[in-house]
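Engineer: For reference, the chains in residue letters:
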Amino acid sequence: MPLPFRHLTSALDLKREDTEAILTVAREMDAVLAKGGSELLKGKILASLFYEPSTRTRLSFETAMMRLGGQVITADGLQFSSLYKGETLEDTMEMVSRYADIIAMRHPELGSADKAAKAASIPLINAGDGPGQHPTQALLDLYTIQKERGKLDGIHIAMVGDLKFGRTVHSLCYLLGLYKDVRFTFISPPELMMPEKVTKYLDEKKCSHVVSGNLDDGLSCDVMYVTRVQQERFDNPADYERLKLQYVLTADHLAGKDVTVMHPLPRVGEIATGVDALPNAAYFRQAGNGVPIRMALLAMMLNKA
Amino acid sequence: MPLPFRHLTSALDLKREDTEAILTVAREMDAVLAKGGSELLKGKILASLFYEPSTRTRLSFETAMMRLGGQVITADGLQFSSLYKGETLEDTMEMVSRYADIIAMRHPELGSADKAAKAASIPLINAGDGPGQHPTQALLDLYTIQKERGKLDGIHIAMVGDLKFGRTVHSLCYLLGLYKDVRFTFISPPELMMPEKVTKYLDEKKCSHVVSGNLDDGLSCDVMYVTRVQQERFDNPADYERLKLQYVLTADHLAGKDVTVMHPLPRVGEIATGVDALPNAAYFRQAGNGVPIRMALLAMMLNKA
Amino acid sequence: MPLPFRHLTSALDLKREDTEAILTVAREMDAVLAKGGSELLKGKILASLFYEPSTRTRLSFETAMMRLGGQVITADGLQFSSLYKGETLEDTMEMVSRYADIIAMRHPELGSADKAAKAASIPLINAGDGPGQHPTQALLDLYTIQKERGKLDGIHIAMVGDLKFGRTVHSLCYLLGLYKDVRFTFISPPELMMPEKVTKYLDEKKCSHVVSGNLDDGLSCDVMYVTRVQQERFDNPADYERLKLQYVLTADHLAGKDVTVMHPLPRVGEIATGVDALPNAAYFRQAGNGVPIRMALLAMMLNKA
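Chains as they are written, first to last, in this note's numbering: chain A, 1 to 305; chain B, 1 to 305; chain C, 1 to 305.
Derived from the structure by calculation, the hints contain no laboratory data. You may find that some hints are simply not true.
Any copy will do: because identical chains look the same in the list, a pair fits if it lies in one copy or spans two.
Said to hold, decoys possible - Pairs of lysine to aspartate or glutamate residues, derived as EDC-like cross-links and limited to a Cα-Cα distance of at most 20 Å, are as follows:
hint, residue 1, residue 2
1, K42, D30
2, K244, E196
3, K206, D181
4, K205, D153
5, K205, D30
6, K35, D101
7, K244, E87
8, K257, E241
9, K15, D217
10, K115, E94
11, K118, D276
12, K15, E90
13, K257, D222
14, K164, D252
15, K151, D222
16, K42, E191
From a predicted model like this one, the values you see are computed outputs, not experimental measurements.
Using the sequences and the hints given, assemble the complete structure.
Structural biologist: Structure (structure tokens):
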């Protein structure tokens, strides 16, 4: 099942048939994992290039490659910063394309993934380009919703926290916009509301969305997707202090509720650890879903799925 | 031969039947190494998580995993320091448990290994938690004594240098305390004597131990285990200068002696390089013994030995 | 085809029969790569030890090892700097020799490769020792000339830029000096001319060499090997500014020319990006040739070729 693109740099590149194909292969990859892995990508090399460190994403990509029998060459941000003074991203991609079979790249600059993809002669997966895109996170979020709730069409999702700067919620909106009858409840402080470019997209896709300032409004949804609110986003520290408590999800909130709780991690307090033991808590399973999703993408983009 | 524990965080967790089982498997692993490795752990992934760098220990664990056909995902202290601001150790373990099959973790904080093991849903081996435990070092020391001297019961060992802060000598005392008729000679400056918690343990175990300030008292033992004396342990620099020479082992000391010289490495002068060529010098072989010991533990803790 | 030396620390160690043997095996390795790799070094471990970071060279060595089915343990400069305070290079080599089967080492100090090789009980390949040698770069340059031009005897090569401090051009001179009727045109600012030790060597080898200050003189050669001119080499910044433009190779220079353009990379402006699309531009293919050359060396030095 080859994908209709050579590189994956943005969630916006994906059509519904693409996400469905990827999720189908991810399910197969979960079966592969249950059997202890495969040799599908034996002899293939992933170049794991992290111009800024992200151990979670990096280890997830590397695990995915290894579970399929492939190998990994790695460079992280610290090595790059001292080394590539002066070399263009394009020249680095030309070089790496002669070593590896596929690239996963994280870079702090917006647009760097597209720039790199143009120069790469092997497939490239964007593993986050600064405030830009992080399509594999959006895909693993989508896969988690499907696994946890059994559906994507007709889902009702609350997004909580920093909806203005949060890259993951924007990308997930773009992917959920491909499905039918999806409803959104956006719960955030007024300083951190969902940007208009996203809500306009959802209007075009005929997705309903409402705004709220109250955490409780998310508890009756199918899914509550919580993100971190960062102190530095507020001009007035007192605003942050007031909001901090208001946006901390606890086990008490969830008593008797069926809502699935997701979080892109790392969390720093916005979900109390008391939630972890509840069946609602899907965020660690969500992190685990990064492996089959990335296995699916590696296999499909190397035309081996 | 499965071990009676899920995680290995402390040498104190080990009973004599455990150390004997591990040493038996380590001998088998030496045979595996002689044949160029095996595929016993093919498809398995070790997460090598070093919150503080220790290239020696890290490379030894990674070599052990690879010699058994397994694969390795790695993160070292520098990456962590910049990344995991704010994420709890427990959350990181939850995540990594969904990627890998077994964890080796080094962390600068005392008690971090137990904390991490509680959160991990896959086996965890403590590769050193600050001033706390480093059980695989103690096991490779034990294995070295057995290989070099042909016995553990009845061994007479001198421990030399910093016995107060030296994590490795404490752990080795705990393991040797499991054996019969073991005798200790503790050779150190008065500022750096073996702590009472260790000598009390040895008393309970009916191990004899004597104290000396003289390096020569170790030369008639079966084993002399030398450790580094660090200048910063002394209030008065003149004390350090006086002691420095007194505790440097040279080839002259060893003329006509049968004693086996060990050192956990790195050394910084306390064993003269002139000793390296003598048959007494076991410290590089000791470093090499880390590989079969860690192969044994990886295999046993994954129930594959 | 075993090589007549245990370690490879300098291009000067190589005789013509050695370079021919290595280039022959490299051609076989290109065929191996075309078939997707092999299992020739299965079960073997490369220790990739970079005391100073060089992602390009490190990833090339690691790729080479993996394409032959081998595995890699890695330590880079940043980890070393914080760790090995006080440990001698010799002790580190003793340790690593007990883990891995072969070492690739980059180190900032001149002469460190020879020092390390003496202590290592497994083969060591110098991946650059400061201002000293970098023999695998010289071999991949040689291989590139042979592949691009179909010959080495009788080749006419222009070397451009910093010929005084440029390690790569010196090593390449030493290797080309092994061949017949080789002619050199050295094009550099007067401040950065080829040192006498190299020109004397070429005289002994009966290689003709002429000096020029004009880039155009290189355009009628078989090969133009361009290197970076660094501003910090000039006492007078105005000299650098004047020269900068004079030594930038553009597509206009190459119109109608057959010359093969090489560069050890990274480049920082001395070859305009407009050159990249021309058939003359061999520098990215040159980088790629590092993989078969290093595969050949790894296999030969492990007696597996």
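Engineer: Check K206 against D181 for me: Cα-Cα at most 20 Å, and say if that holds within a copy, between copies, both or neither.
Structural biologist: within (8 Å within a copy, 75 Å between copies)
Engineer: Evaluate K205 and D153 at a C-alpha cut-off of 20 Å and name the case that applies: within, between, both or neither.
Structural biologist: Classified as within; 13 Å inside a copy, 67 Å across copies.
Engineer: Which holds for K15 with D217 at a C-alpha limit of 20 Å: within a copy, between copies, both or neither?
Structural biologist: neither (30 Å within a copy, 55 Å between copies)
Engineer: How would you label the pair K42, E191 (within, between, both, or neither) given a Cα cut-off of 20 Å?
Structural biologist: neither (49 Å within a copy, 51 Å between copies)
Engineer: At most 20 Å between CA atoms: does that hold for K115 and E94 within a copy, between copies, both, or neither?
Structural biologist: Result: close within a single copy only, 12 Å intra versus 35 Å inter.
Engineer: Can you tell me if K244 and E196 fall within 20 Å by alpha carbon in one copy, between copies, both or neither?
Structural biologist: neither (25 Å within a copy, 48 Å between copies)
Engineer: As a check of your reading, is K42 near D30 (CA-CA no more than 20 Å) within one copy, between copies, both or neither?
Structural biologist: both (18 Å within a copy, 18 Å between copies)
Engineer: For K205 and D30, with the copy left unspecified, which applies at a CA distance of at most 20 Å: within, between, both, or neither?
Structural biologist: Close neither inside one copy (31 Å) nor across copies (51 Å); limit 20 Å.
Engineer: 20 Å Cα cut-off: does K164 pair with D252 within a copy, between copies, both or neither?
Structural biologist: The answer is neither: 27 Å in one copy and 49 Å across copies each exceed 20 Å.
Engineer: Within a copy, between copies, both or neither: where do K35 and D101 come within 20 Å Cα-Cα?
Structural biologist: The answer is between: 13 Å across copies meets 20 Å, while 25 Å in one copy does not.
Engineer: Between copies, within a copy, both or neither: which fits K257 and D222 at Cα up to 20 Å?
Structural biologist: within (10 Å within a copy, 67 Å between copies)
Engineer: At 20 Å max between alpha carbons, let me know whether K257 reaches E241 within a copy, between copies, both or neither.
Structural biologist: neither (27 Å within a copy, 69 Å between copies)
The earlier numbered hints that this structure contradicts are 2, 5, 8, 9, 12, 14, 16.
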